[in-house]
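With these hints in hand, go ahead and build the complete structure from the sequences.
Chains as they are written, first to last, in the working numbering: chain A, 304 to 793; chain B, 2 to 101.
Hints were generated in silico from the structure; no laboratory data involved.
Careful: at least some of the hints might be erroneous.
Said to hold, decoys possible - Derived DSSO-like pairs (lysine-lysine); straight-line CA-CA distance at most 30 Å: (1) A/K659 - A/K640; (2) A/K659 - B/K44; (3) B/K93 - A/K397; (4) A/K397 - A/K659; (5) A/K648 - B/K6; (6) A/K648 - B/K33; (7) A/K683 - B/K33; (8) B/K93 - A/K659; (9) B/K93 - A/K648; (10) A/K568 - B/K44.
What the hints assert, rightly or not - Computed Cβ-Cβ distance ranges for the label pairs, DEER-style: (11) A/G400 - B/H14: 26 to 32 Å; (12) A/D545 - B/E9: 46 to 52 Å; (13) A/P549 - B/E26: 51 to 57 Å; (14) B/E54 - A/R321: 56 to 62 Å; (15) B/R67 - A/I642: 20 to 26 Å; (16) B/E47 - A/G400: 39 to 45 Å; (17) B/V53 - A/K316: 50 to 56 Å; (18) B/L75 - A/L792: 41 to 47 Å; (19) A/E340 - B/V53: 45 to 51 Å; (20) B/L75 - A/G370: 40 to 46 Å.
We put the CB at the ideal spot given by N, CA and C, even for glycine.
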Amino acid sequence: MRLCEQTIEELAKRLRAREISSVELTRDVLERIGEVEPRVQAYLRVTDAIALSTAEAADRRLAAGEGVTPLTGIPVALKDNMCTLGVTTTAASKILGNFVPPYEATVVRRLREAGAVFVGKTNLDEFAMGSSTENSGFFTTRNPWDLERVPGGSSGGSAAAVAAGECIAALGSDTGGSIRQPASLCGVVGVKPTYGRVSRYGLIAFASSLDQIGPLARSVGDAALVMNVIAGHDPVDSTSADMPVPDYTKALTGDVRGLRIGVPKEYFIEGMDPRVESCIRAAIERLAGLGAEVVEVSLPHTEYAVATYYLVAPAEASSNLARYDGVQYGYRAPGQKNIIDMYTKTRHDAFGDEVKRRIMLGTYALSAGYYDAYYLKALKVRTLISRDFERAFERCDVIAAPTAPTPAFKIGEKADDPIAMYLSDIFTLSVNLAGNAGISVPCGFAQYDGKDLPVGLQLIAPVFGEEVMFRAAHAYEQSVEIRTRRPVLE
Amino acid sequence: MAEQKVTEADVRHVARLSRLEFNDEEIGLFTKHLNDILTYVDKLAELDTSNVEPTSHALRMANVFREDVVAPSLSNEEALANAPDREGPFFKVPQIIQEM
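Pasting the structure below:
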């Protein structure tokens, strides 16, 4: 296996033993990018020079044996909605096409201090609004398992880059499923931490009460290593939780005896893709075989999650995106005679259709006369959804469910039907609304058109209960051979 | 077909509030999309939430403060570095106040 296809765990050992250097590893990753990027298009920007200079710095650290962490010398990619000092950050929008942040996101600082190597900024749906990366203002990323299909979204670039060996791990963001769903579609591990577990400082905001940054990686162990670095209280993010961060790798015991796995009856609906359903059920049986106890639970308000999300998230987005007005940064429509025309033309020219749609929906839901019926109502249903999870966790320790209702769909298939697109997040949205943590771990493949398309198992943890979902996900992963499969890109 | 929740006039009003503008074809398309979505989200009306508190924040945190102490911040130059148009230490924009 090439260096660029190995895990953080394997590579960290070899780097520490000075068997390989970070520069060697980084060169292999950059070479891989050269080979496959024309077809995958995971990156908006590859930062070769920064990658090599941070790799050299990492090698110096490794040689001195000082301040070495598991991430030292490891090439990582960042979703392009995370501010990187001095490196253009666009949120995949033309409105920020030339924006160079004067500060860096906290998660970026933490990775940098741990000695990670930065390879580049990955593609996403514009402002993280979407489930396929087709809404990027620049181009669509392709799924390495089938280049005619989407990688999922909105962290499609990060998921595709990890799957294709174009980085060792990546960061994404998840507001309604945007880490977990592309992880599922690209056959990698993706984690959405509990809301507040990871700082949002420097994350270009979409929906402030839902957004969380998390890792995409090749194994549960790798995801745990990245979580150890990025999680923690941040004084400049007043929504970050002031709680200690455990060592998530200690949860990877492989022991799930007596663990109660809750299976929500509302998540196994009629019309579900039978190939997906059989992968998920086999995975749950596998966990039972390892000693876990399977319990049926109910999340009765599941059917209202999509409607709730599509009021709360756009409402928050309409407020967060009001700042893109051409005044202080980004695109400004030229030749306007007054300020209102400037705002309007700037936003008309440079926002994509899905972004405009959500701003319109959000503004409507918040506007006078409609606030109570729409936004406030959605916030009340949100309470009911949270309570569903609390009640379920009285009877189980972790919840198992599909991540996505189907594997990767074809590019263009859902583009004209926003509601069909929204429904692809049906299993992930509730978790963001309630604030719980969730992980997607590869659990098999569904055959479509003679191609094997990845399917992900989702495990949902109680609030700040990431350890139990890591434990279950890791035990499952270690018991199957799926984790060693890689997409073939001729 | 169900009665339209949102009319083209409503859409133009919301567009003004959002500082967005659309041509007639786009107004028609947005009106349809918004109606479809609002019809879908209407299912929330099935639920009795009369005794339910809204959740605006998953962690239910209360006021998070820090000491009111001056700390380093962005310099003027850093803050102006991305300005589409500037004059001295100012962001420059088109006319704000109309002639009376």
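Comparing the hints with the structure gives:
no. : hint                       : result
1   : A/K659 - A/K640            : holds (23 Å)
2   : A/K659 - B/K44             : holds (24 Å)
3   : B/K93 - A/K397             : holds (21 Å)
4   : A/K397 - A/K659            : holds (13 Å)
5   : A/K648 - B/K6              : holds (27 Å)
6   : A/K648 - B/K33             : holds (23 Å)
7   : A/K683 - B/K33             : holds (27 Å)
8   : B/K93 - A/K659             : holds (26 Å)
9   : B/K93 - A/K648             : holds (17 Å)
10  : A/K568 - B/K44             : holds (20 Å)
11  : A/G400 - B/H14: 26 to 32 Å : holds (30 Å)
12  : A/D545 - B/E9: 46 to 52 Å  : holds (49 Å)
13  : A/P549 - B/E26: 51 to 57 Å : holds (55 Å)
14  : B/E54 - A/R321: 56 to 62 Å : holds (58 Å)
15  : B/R67 - A/I642: 20 to 26 Å : violated (34 Å)
16  : B/E47 - A/G400: 39 to 45 Å : holds (43 Å)
17  : B/V53 - A/K316: 50 to 56 Å : holds (52 Å)
18  : B/L75 - A/L792: 41 to 47 Å : holds (43 Å)
19  : A/E340 - B/V53: 45 to 51 Å : holds (49 Å)
20  : B/L75 - A/G370: 40 to 46 Å : violated (28 Å)
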